[in-house]
Amino acid sequence: MSGHATLPLVAIVDTATWTYSPALEAASVAVSPKHGLFIGGRWVEPRRGATAITLNPATEEPLSTVAEADAAQVTAAFDSARTAQRRWMRTRPQERAKYLFRIARRIQERARELAVLETLDSGKPIRESREFDVPTAAQHFFHHAGWCDKLRYAIPGVSDPRPIGVCAQIIPWNFPLLMAAWKLAPALACGNTCVLKPAETTPLTALRLAEILQEVELPPGVVNVITGGPTTGRAMVEHPGFDKIAFTGSTEVGKAILRACATRRISLTMELGGKSPNIVFADAPIDQAIEGIVDGIWFNQGQVCCAGSRLLVEESVLDEVVAKLRARMNRLRVGDPMDKNTDVGPINSRVQLERVQSYLKIGVDEGAAMEICGNGELPSRGYFCRPTFFTGVQPSATIAREEIFGPVLAVMSFRTPEEAISRANNTPYGLSAGVWTSKGSKIFDTARRLKAGVIWCNGFNLFDAASPFGGFKESGFGREGGRHGLRAYLSH
Amino acid sequence: MPRLPVIKTHKLFIGGAFPRTESGRSRELKDGRGRTIAHLCRASRKDLRQAVEVAHAAQPGWERATPYLRGQVLHRLAEMLEGRRDELSDSLRATSTRSAASARDEVIASIDRLISMAGWTDKLAMVIGGQNPVAGPYYNFTTPEPVGVIVVIDASNAPLLGLVSMIAPAIAAGNAVIAIPSESHPLAALLLAESVPTSDLPAGVFNLLTGEHAELLPQVATHRDISGVLAAVKEPAAAGLRAGAAENLKRVRIVDPGSDFESDEPWSGASAFDGLVDFKTIWHPAAT
Numbered sequence: 001m002s003g004h005a006t007l008p009l010v011a012i013v014d015t016a017t018w019t020y021s022p023a024l025e026a027a028s029v030a031v032s033p034k035h036g037l038f039i040g041g042r043w044v045e046p047r048r049g050a051t052a053i054t055l056n057p058a059t060e061e062p063l064s065t066v067a068e069a070d071a072a073q074v075t076a077a078f079d080s081a082r083t084a085q086r087r088w089m090r091t092r093p094q095e096r097a098k099y100l101f102r103i104a105r106r107i108q109e110r111a112r113e114l115a116v117l118e119t120l121d122s123g124k125p126i127r128e129s130r131e132f133d134v135p136t137a138a139q140h141f142f143h144h145a146g147w148c149d150k151l152r153y154a155i156p157g158v159s160d161p162r163p164i165g166v167c168a169q170i171i172p173w174n175f176p177l178l179m180a181a182w183k184l185a186p187a188l189a190c191g192n193t194c195v196l197k198p199a200e201t202t203p204l205t206a207l208r209l210a211e212i213l214q215e216v217e218l219p220p221g222v223v224n225v226i227t228g229g230p231t232t233g234r235a236m237v238e239h240p241g242f243d244k245i246a247f248t249g250s251t252e253v254g255k256a257i258l259r260a261c262a263t264r265r266i267s268l269t270m271e272l273g274g275k276s277p278n279i280v281f282a283d284a285p286i287d288q289a290i291e292g293i294v295d296g297i298w299f300n301q302g303q304v305c306c307a308g309s310r311l312l313v314e315e316s317v318l319d320e321v322v323a324k325l326r327a328r329m330n331r332l333r334v335g336d337p338m339d340k341n342t343d344v345g346p347i348n349s350r351v352q353l354e355r356v357q358s359y360l361k362i363g364v365d366e367g368a369a370m371e372i373c374g375n376g377e378l379p380s381r382g383y384f385c386r387p388t389f390f391t392g393v394q395p396s397a398t399i400a401r402e403e404i405f406g407p408v409l410a411v412m413s414f415r416t417p418e419e420a421i422s423r424a425n426n427t428p429y430g431l432s433a434g435v436w437t438s439k440g441s442k443i444f445d446t447a448r449r450l451k452a453g454v455i456w457c458n459g460f461n462l463f464d465a466a467s468p469f470g471g472f473k474e475s476g477f478g479r480e481g482g483r484h485g486l487r488a489y490l491s492h
Numbered sequence: 001m002p003r004l005p006v007i008k009t010h011k012l013f014i015g016g017a018f019p020r021t022e023s024g025r026s027r028e029l030k031d032g033r034g035r036t037i038a039h040l041c042r043a044s045r046k047d048l049r050q051a052v053e054v055a056h057a058a059q060p061g062w063e064r065a066t067p068y069l070r071g072q073v074l075h076r077l078a079e080m081l082e083g084r085r086d087e088l089s090d091s092l093r094a095t096s097t098r099s100a101a102s103a104r105d106e107v108i109a110s111i112d113r114l115i116s117m118a119g120w121t122d123k124l125a126m127v128i129g130g131q132n133p134v135a136g137p138y139y140n141f142t143t144p145e146p147v148g149v150i151v152v153i154d155a156s157n158a159p160l161l162g163l164v165s166m167i168a169p170a171i172a173a174g175n176a177v178i179a180i181p182s183e184s185h186p187l188a189a190l191l192l193a194e195s196v197p198t199s200d201l202p203a204g205v206f207n208l209l210t211g212e213h214a215e216l217l218p219q220v221a222t223h224r225d226i227s228g229v230l231a232a233v234k235e236p237a238a239a240g241l242r243a244g245a246a247e248n249l250k251r252v253r254i255v256d257p258g259s260d261f262e263s264d265e266p267w268s269g270a271s272a273f274d275g276l277v278d279f280k281t282i283w284h285p286a287a288t
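Protein chains in written order, with the working numbering: chain A, 1 to 492; chain B, 1 to 288.
The reader is advised that the hints may include incorrect statements.
Unchecked claim - Only pairs whose alpha carbons sit at most 20 Å apart, straight line, appear in this in silico EDC-like list of lysine to aspartate or glutamate: (1) B:Lys234 with B:Glu212; (2) A:Lys34 with A:Glu113; (3) A:Lys439 with A:Asp287; (4) A:Lys361 with A:Glu371; (5) A:Lys34 with A:Glu200; (6) A:Lys255 with B:Asp225; (7) A:Lys442 with A:Asp283; (8) A:Lys255 with B:Glu247; (9) A:Lys442 with B:Glu145; (10) A:Lys442 with B:Glu63; (11) B:Lys8 with B:Asp86; (12) B:Lys8 with B:Glu28.
What the hints assert, rightly or not - These stretches of chain B come out as covered by chain A in the derived footprint (C-beta under 8 Å, 3 or more residues): (13) 124-138; (14) 242-250; (15) 259-273; (16) 277-285.
Claimed, not checked - Derived DEER-like restraints, expressed as beta-carbon distance ranges: (17) A:Phe444 with B:Ala57: 23 to 33 Å; (18) A:Ala256 with B:Phe141: 31 to 41 Å; (19) B:Glu265 with A:Arg401: 40 to 50 Å; (20) A:Ser32 with B:Gln131: 39 to 49 Å.
Think of the hints as simulated: they come from the structure by calculation, not from any bench. Given the structure is predicted, the values throughout are model-derived calculations rather than measurements. Each residue gets a CB set at the ideal place from its N, CA and C atoms; glycine is no exception.
Required output: the full structure, derived from the provided sequences and hints.
See below:
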C-alpha cells in the first residue's frame, strides 16, 4: 500500500480489453465450522441458539458459525480482564514487550493464512490483505512492543504514566485484523487489558488472532474476544466493568456511545466517519494524482473511513483529470477477491451494498452525471458494485456531503486555492485530506489550512504504526499509532 | 450623612465590547453580610450564540498569528493584571470571608500562570509534536492545532486562578474562548475581562458571560459550533456537558472543581493543553 500512490501511470496500451487468466490464491485455510468466545484465555461455547453465521461476501456462502455473546458472557469477559489487569500492569515492561514482539512475529509467520481468511470473510482483494492489512497489523504489534519500557517518554512531563485499566474496544468490518491490532497493541503496551468485539460480519481474523495469543502464551484474560451484533455491542457499552472505551465505526454509533457513557468518568477514543477531500491543483503531477485518487476511493472498495470521496479539481485541468480518471478506472478489475489481479472485490455485506446503491440512485436523482466503470464481468453471486464516479456534483448534493462507504467518488471543481480550502473544510467531518501540487510552499500552506487529522501531500491512504491517525471535528478524537496514540491508553 | 455608594453593573464581554445581556436580566451580587455590592448581567442563550459567532470569526486570525506574537500578547495581559493586583485581591474578598493573604496569593499565582503560558506558545509544537519515522520514503510529522472555540466553565474553589489556569492554555494554543466564571465569586473574572481590551488580544478571542450555570451549561452542551469545553464542575453538570459531546463530538475535559490549581503540574505544563489541541499529521514524499 505504502508508496503505491506515487508510482507513475504506466498503463499506456489499452489493457481494458485484455482478458486475463485467473490467478487464484489457494483457499486452503481451514475454517472451523463454529467459533466460541475467547474469555479468560479459554474458548467458551455460545449459549444455545445464540449464534450467527458469517458469510463470504464474494460468494454469499456461509463460512462459519460464531457466537452472539449475551450479557452474562460480556460480564465474564470484563471480569477476566479486570482480574488479569492487576498482574499485567505489574508485569515487567520488558516482559510485556516480549509478548507483543511474539505476537508480531506470529502474525508475520502466519501471514498467508491470515490474509486468505481476511479476504474470505471481508471480501477485500487478496492483494490488499496480503500487502497491507496483515503486514501493517504485525507492524503495529512490533512498534508498540518497543514502547512498553519507554512509556515515561510517551507524554512530555508525565514521568510515571499509569495504565487506564480495562478497555472496551469495538471495531468495524473494513479492516478487521488491522483494527484489532490498532486497538490491542497500544492498550497492551501501556499495561491495560482488553475486551475486543470484532464486527458481526467479519469476526474470523480477530478469533484467529486470539488463537495466536494463546499460542504465544499471553496470560489469560489480558485479551478477551467476544463476538456478536448490536445487542452484544450495547451490553458492552452499558457495562460498568471498563475504564476506557475505544470505538472505530460510524459517527452515528459513536454519538450513541458518547450519550450512553455521559454519566461516567471514563476515557474515550472515537475514530469515526469522514468525507475526505482530495484537492488537485493545476500544477500537480497529474498522472501521480490519478493513481492517488484511485487509491483514495477504490482502496478496499471505498469502505475506508478516510476514503478520498470528494475530488476537488482546479477548473483548468478538470477535463484532463476526468478523462484520465475514466481511462484508469476502466482498467480496474472487479471480481473474485481471491484473484491476485483483482483491484475491486465485493462490498462487505448485502446491507452495505444496498446502502451504496441507494446513494447511486440519490446521486442521479439530484442531477449529477454518473459513470460506472471497472473491467470484467461481475460474478453472478456476491455483493459486487462497480467503481463509480459522479461529475457535475453540487457541493450541497447528498453524495458530496454524506459518507457513502463505497466505491463512489464525487468530482467537483474549484477556481482559487481559497475556494478549494473552504469547500474542503465545509463538512462536519475532518478525518483526512489529500493535496496534489508540485509547489512546495503551496502544499504546506494548504496542508496547514485544511481541518483534518491526517493530510497526505502528493499521496493518499498511507498508514504506518509510527504515524498517528485520527480525526478533527465529527470524525472523532484521540489518536491511534505512534507516540500520540499512547496518550489514549495512559492515565495522565 | 454617609455617602451613598455607586453600585456598578458588570456587563458581559463579547467581541471586545461590553454589552448588557440582550435579555435585559440582571441579578444582585451580595457580600458576606447580605449587602448588595454589584449587579451582574444574567446572560441568555442568545448572548451565548452571539459570543460563539464572534469567537468563530476571531479564531482563525488568532491561530494564524505567530507564536511569538501570541506569547507577547499573553505577557501583556499579565502586565495589565499586575497593575491591578490590589483591586483583584479586593474583588476576591468582596464575596467571601477569606484572608487578605490568601486572596493576594491567588492573584499572584494567576499572574504567574499567565507568564508561564506566555512562554509556551512557541514551544508547544516542539514539545508535544514530533517527527514520525515511518517505514517508507515519506517525511511525516505531527503538530498540535487549536480545536477552535472553547468554552471554559469555572465552578472551582479558586475563582481567579481556576479560570486563568483554564483559559490561558486555550488562548495560548490559538483557540478563541468563551469563559463562564464562578456564579458566586465572579468579580475577579470580570476585572480580568476589563483588562483584556488593553492587552492587545484581538477582539473576540476572549469573551466572558456571567449568568446561571444551570441555565447556560445545557446550552453550551448542545451548541454545535462550540468545539470544546473545559470545565471545573461537579456532577451532574459534568455529565450534561459530556452528553453534549454526542451532538458534535465536542472535546469535553472535566476538571475536579476542588483541584489544586496552585500546583504547577499540570497547569503550567504541557498537560494543560489536553483537550485544547488536536493533532494533525502530515505526510510528504521524500523520494523522487
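Now for the hints, and whether the structure bears them out:
| no. | hint | result |
| --- | --- | --- |
| 1 | B:Lys234 with B:Glu212 | holds, 15 Å |
| 2 | A:Lys34 with A:Glu113 | holds, 18 Å |
| 3 | A:Lys439 with A:Asp287 | holds, 16 Å |
| 4 | A:Lys361 with A:Glu371 | holds, 12 Å |
| 5 | A:Lys34 with A:Glu200 | holds, 14 Å |
| 6 | A:Lys255 with B:Asp225 | holds, 16 Å |
| 7 | A:Lys442 with A:Asp283 | holds, 10 Å |
| 8 | A:Lys255 with B:Glu247 | holds, 7 Å |
| 9 | A:Lys442 with B:Glu145 | holds, 19 Å |
| 10 | A:Lys442 with B:Glu63 | holds, 19 Å |
| 11 | B:Lys8 with B:Asp86 | holds, 18 Å |
| 12 | B:Lys8 with B:Glu28 | holds, 10 Å |
| 13 | 124-138 | holds (count 10) |
| 14 | 242-250 | holds (count 7) |
| 15 | 259-273 | holds (count 5) |
| 16 | 277-285 | holds (count 8) |
| 17 | A:Phe444 with B:Ala57: 23 to 33 Å | holds, 25 Å |
| 18 | A:Ala256 with B:Phe141: 31 to 41 Å | holds, 34 Å |
| 19 | B:Glu265 with A:Arg401: 40 to 50 Å | holds, 44 Å |
| 20 | A:Ser32 with B:Gln131: 39 to 49 Å | holds, 44 Å |
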